[in-house]
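S.K.: Sequence:
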Amino acid sequence: DVRSFGANLLFEPWTVRTGSGTQYGVFTPFWKACLALPAPRGPVAEPRELDAPARRVDSDALDDWGLLPRNPDWAGGLREAWTPGETAARHRLSEFIADDAAHYDRARDEPDAGATSLLSPRLRWGELSPHQVWHAAVESGAPLHGFLSELGWREFAWHTLFHAPDLATKNLRPQYDAFPWPRLRPTLLEAWQRGRTGIPLVDAGMRELWRTGFMHNRVRMVTASFLVKNLLVHWHHGEEWFWDTLVDADAANNPFNWQWVAGSGADAAPYFRVFNPELQAKKFDPQGRYIARWAPDGLETEPIVDLRDSRQAALAAYDAMRRG
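Residue numbering for the sequence shown follows this note's numbering, beginning at 229 and increasing consecutively.
Don't read these hints as lab results, they were simulated from the structure.
There could be a bad hint or two in this list.
Across the chosen pairs, the derived CB separations fall in these ranges [said to hold, decoys possible]:
(1) L296 - P414: 27 to 35 Å
(2) D286 - G247: 51 to 59 Å
(3) P257 - A282: 47 to 55 Å
(4) V285 - R521: 40 to 48 Å
(5) L263 - G294: 46 to 54 Å
(6) A326 - L290: 28 to 36 Å
(7) K260 - V285: 32 to 40 Å
(8) E274 - D301: 32 to 40 Å
(9) R413 - R298: 26 to 34 Å
(10) L296 - H363: 29 to 37 Å
(11) P524 - P271: 41 to 49 Å
(12) G313 - R439: 18 to 26 Å
(13) A548 - G270: 48 to 56 Å
Even for Gly, the Cβ is constructed at its ideal location relative to N, Cα and C.
Full structure from sequences and hints, please.
M.R.: Below, the structure is given as structure tokens:
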């Protein structure tokens, strides 16, 4: 016998179907269908005690595995930014509800505002369940409709992976298989990875990522759009880099969101929507505090591509795909 115990998701994929019994391809009706179902169950109480095994289990000492990076020690910034574990995760959830919830919807797009929940790594590693987060948000009475919708977007990604298990390697929309990607120029990819593109907001985001294992969601969209559309680098390369560097990258959300930016995914941003990082910086980091923190030399570096010319090249490639 096989029994399934829902824990990682609020709604299991086989319980959310369209009227014709198919999967949803657009987020808004998907989330409406989820909210029409019975409310997610409450969190399961932690066990009061665990039975010890009948006999001693042989084990290695974890330190003997030599897992910690030493030469070079690339994890210093991660240790400074994060305290792993359930206790720290619960503290952050309480802190977010008490201090940040009131201005989440208004300030969540501003990378220097400190309004995001920072709960995604906690969910990714199981330090918190979505049921804990959902009920804490709902029971707080705070205006967190936008935040709950973000939990819904996470659900949408996992439901999409359930129906498309090759999401990380195959375009969800097959027409994008014909996209005329140019031959990879490793120097461009490396400049993007290292935050040396000469585009301040992009460089700030990529340096924040390398230092902390995290990047603000608005900046993730900008950096991803810049790689795929201004540099014309296949989204696979960006997805692989984020998989290796993000502390919250999981098997669903990482490829799902990269395909969303690239235009090939579910309910995706159209390919011809190209985020202009300069305009994004003016709108969401108008005082330049985020850029000053992570890329203070950004204005002194020559851009590796011209934003206008590279945008036109991306649109030309998109038109070539459409013409077949």
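S.K.: Given the hint of 48 to 56 Å, check if A548 and G270 actually sit that far apart at their C-beta atoms.
M.R.: holds, 53 Å
S.K.: Measuring from beta carbon to beta carbon, are R413 and R298 in 26 to 34 Å?
M.R.: Holds, since R413 and R298 (Cβ atoms, about 33 Å apart) stay within the stated range.
S.K.: Is the gap between the beta carbons of L263 and G294 within 46 to 54 Å?
M.R.: holds, 48 Å
S.K.: P257 and A282, beta-carbon distance inside 47 to 55 Å?
M.R.: 52 Å Cβ-Cβ, so the 47 to 55 Å window holds.
S.K.: Could you check the hint for me, namely that D286 and G247 are 51 to 59 Å apart, CB to CB?
M.R.: For G247 against D286, whose Cβ atoms are near 55 Å apart, the range 51 to 59 Å holds.
S.K.: Does the hinted range 40 to 48 Å hold for V285 and R521 at CB?
M.R.: Given a distance of about 47 Å, which is inside 40 to 48 Å, the answer is holds.
S.K.: Can you tell me whether the CB distance of L296 to P414 sits inside 27 to 35 Å?
M.R.: For L296 and P414 the Cβ distance comes to about 29 Å; the hint holds.
S.K.: Return holds or violated for the Cβ distance of G313 and R439 against the range 18 to 26 Å.
M.R.: holds, 21 Å
S.K.: Does the hinted range 32 to 40 Å hold for K260 and V285 at CB?
M.R.: violated, 48 Å
S.K.: Between E274 and D301, does the beta-carbon spacing fit 32 to 40 Å?
M.R.: holds, 34 Å
S.K.: Lying within 28 to 36 Å: is that true of the beta-carbon distance A326 to L290?
M.R.: holds, 35 Å
S.K.: May I ask you to test the hint 29 to 37 Å on the CB atoms belonging to L296 and H363?
M.R.: Given about 36 Å between the Cβ atoms, the range holds.
In this structure, only the earlier hint numbered 7 is contradicted, and the remaining ones agree with it.
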